[in-house]
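Here is how the chains run, residue by residue.
There are 2 protein chains.
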Amino acid sequence: MNIVCLDLEGVLVPEIWIEFSKATGIPELQRTTRDEPDYDKLMKFRIDILNKNNLKLPDIQKVISEMEPLPGALDFANKLREKTQLVILSDTFEQFAKPLMFKLGWPSLFCNTINSDDSGTVTGFTLRQQNGKKEAVKAFKLMNMRIFAAGDSYNDLDMIREAHCGCLFHAPAQIQKVNPDLKCFDTYDELLTIIESFLK
Amino acid sequence: MNIVCLDLEGVLVPEIWIEFSKATGIPELQRTTRDEPDYDKLMKFRIDILNKNNLKLPDIQKVISEMEPLPGALDFANKLREKTQLVILSDTFEQFAKPLMFKLGWPSLFCNTINSDDSGTVTGFTLRQQNGKKEAVKAFKLMNMRIFAAGDSYNDLDMIREAHCGCLFHAPAQIQKVNPDLKCFDTYDELLTIIESFLK
Numbered sequence: 001m002n003i004v005c006l007d008l009e010g011v012l013v014p015e016i017w018i019e020f021s022k023a024t025g026i027p028e029l030q031r032t033t034r035d036e037p038d039y040d041k042l043m044k045f046r047i048d049i050l051n052k053n054n055l056k057l058p059d060i061q062k063v064i065s066e067m068e069p070l071p072g073a074l075d076f077a078n079k080l081r082e083k084t085q086l087v088i089l090s091d092t093f094e095q096f097a098k099p100l101m102f103k104l105g106w107p108s109l110f111c112n113t114i115n116s117d118d119s120g121t122v123t124g125f126t127l128r129q130q131n132g133k134k135e136a137v138k139a140f141k142l143m144n145m146r147i148f149a150a151g152d153s154y155n156d157l158d159m160i161r162e163a164h165c166g167c168l169f170h171a172p173a174q175i176q177k178v179n180p181d182l183k184c185f186d187t188y189d190e191l192l193t194i195i196e197s198f199l200k
Numbered sequence: 201m202n203i204v205c206l207d208l209e210g211v212l213v214p215e216i217w218i219e220f221s222k223a224t225g226i227p228e229l230q231r232t233t234r235d236e237p238d239y240d241k242l243m244k245f246r247i248d249i250l251n252k253n254n255l256k257l258p259d260i261q262k263v264i265s266e267m268e269p270l271p272g273a274l275d276f277a278n279k280l281r282e283k284t285q286l287v288i289l290s291d292t293f294e295q296f297a298k299p300l301m302f303k304l305g306w307p308s309l310f311c312n313t314i315n316s317d318d319s320g321t322v323t324g325f326t327l328r329q330q331n332g333k334k335e336a337v338k339a340f341k342l343m344n345m346r347i348f349a350a351g352d353s354y355n356d357l358d359m360i361r362e363a364h365c366g367c368l369f370h371a372p373a374q375i376q377k378v379n380p381d382l383k384c385f386d387t388y389d390e391l392l393t394i395i396e397s398f399l400k
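For the record, the sequence lines run as chains A and B.
Take the first sequence: its position 41, counting from 1, is numbered 41 in this note's numbering, and each next residue is one higher.
Quick note, this note's numbering runs 200 ahead of the 1-based positions in the second sequence.
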């Protein structure tokens, strides 16, 4: 049995923090793992900014609910789910992704959890596990699945390499350059074609 | 992060072989694991009948495509998928379940595979793995998931007991009787309520 594991942000939906930064007019929230490789430190920095600006979880969800999947993503996801199983492996938080999952027809999403108190103030976050994308692929292997994986970023490389087959998608030039063994595609038609050949 | 693992047949859709037997008027196809506990032997018996009656994979899929999910199942699945992740763990075959997955909005389905030749003749089947439902729950635990599981039959008991929490659903009286430690529910409202209390 086959399964396709896809990254979420940059692949099916826009980068959530970047869009959130634009919507709120807080440029500091554009800082990503490329600027601050320590994820724990980066998230504490972000949560600190949220709290300083009195942005609570419902405010964040409201902004995210106004975002849309990338053009063509819903059609691609629908076609894919008619052919095989899809699980989205993401470093985002389930409470953030929810409005976008609704717009994508509720594909399965394995990600992390944001913590908030009764007032909606964001107090922290819980990683499902360290290196969660790669560990998920390893666990799917224990279920005897054949796995195809695709993503756009540094945190997708271990997942792609752990899978039986995979590729980069929408990856920045620098990531493509230092990973010449991984093909990179930029359209959903190309991605669907390569997955179809994997499924045969 | 939480995940709900549900059996398919008897829980969200009718028993596929029973319905198929009715639709084709072949009573031998009503034979189940309760009559023949050796699954391999049972499937060989079924495939033999399919071939004797010249029923090919597209014929089977056509009959199944006329089936409907159980009353209320789609609404229940939709409500559940807004609250948490759902993966269906089933002993059915992906090619059989497909038309019903379409009617349920393509939830994730981990199951087995039927083998057929170019003419559509069913030649055999491939189990994803032995005891696939329990093994899937064990693998989800390695992903650090909290798991709720529910099913109606003997082959669901290991899955339910391996999960952090679970129950029987639509189970025959005999199965309830010999598993007094497992609660059994018969309506989707009850099942949703017990799952909601697990998610809290």
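Simulated from the structure, these hints should not be mistaken for lab results.
Since we're looking at a predicted model, the values are computed, not measured.
Any given hint could turn out to be false.
What the hints assert, rightly or not - When the alpha-carbon atoms are kept at most 27 angstroms apart in a straight line, the in silico DSS-like pairs for lysine-lysine are as follows:
#1 K138(A) - K298(B)
#2 K62(A) - K341(B)
#3 K138(A) - K303(B)
#4 K200(A) - K79(A)
#5 K283(B) - K56(A)
#6 K298(B) - K98(A)
#7 K98(A) - K279(B)
#8 K56(A) - K44(A)
#9 K141(A) - K341(B)
Stated by the list, open to error - According to the in silico footprint, chain A covers these stretches of chain B (three or more CB under 8 angstroms from chain A):
#10 299 to 312
#11 335 to 348
#12 357 to 364
Idealized CB from N, CA, C, for every residue including glycine.
Hint check:
Between K138(A) and K298(B) the CA atoms are separated by roughly 26 angstroms; this keeps the pair inside 27 angstroms, and the hint holds. This hinted pair does not check out: K62(A) and K341(B) have alpha carbons roughly 32 angstroms apart, beyond 27 angstroms. A threshold of 27 angstroms between alpha carbons decides the hint, and for K138(A) with K303(B) the separation of about 31 angstroms lies outside it, so the pair is violated. Proximity of K200(A) to K79(A) is assessed by CA-CA distance (about 16 angstroms); at most 27 angstroms being required, the pair is judged to hold.
Annotation: proposed proximity of K283(B) to K56(A) holds, straight-line Cα distance about 20 angstroms (limit 27 angstroms). For the given pair, K298(B) sits about 25 angstroms from K98(A) by alpha-carbon distance, which is consistent with the 27 angstroms threshold. The hinted pair formed by K98(A) and K279(B) meets the criterion: a straight-line CA distance of about 13 angstroms does not exceed 27 angstroms. With a C-alpha separation of about 15 angstroms, the suggested pairing of K56(A) with K44(A) holds against the 27 angstroms cut-off.
Restraint check: the Cα-Cα separation between K141(A) and K341(B) comes to about 14 angstroms, which is no more than 27 angstroms; the hinted pair holds. Using a Cβ-Cβ cut-off of 8 angstroms, 9 residues of the region 299 to 312 of chain B lie near chain A, which meets the minimum of three, so the contact claim holds. Figure legend: the region 335 to 348 of chain B, annotated as covered by chain A; annotation consistent (9 residues with Cβ-Cβ distances under 8 angstroms, at least 3 required). Counting residues of the region 357 to 364 of chain B whose beta carbon lies closer than 8 angstroms to any beta carbon of chain A gives 0, which falls short of the minimum of three for the stated coverage.
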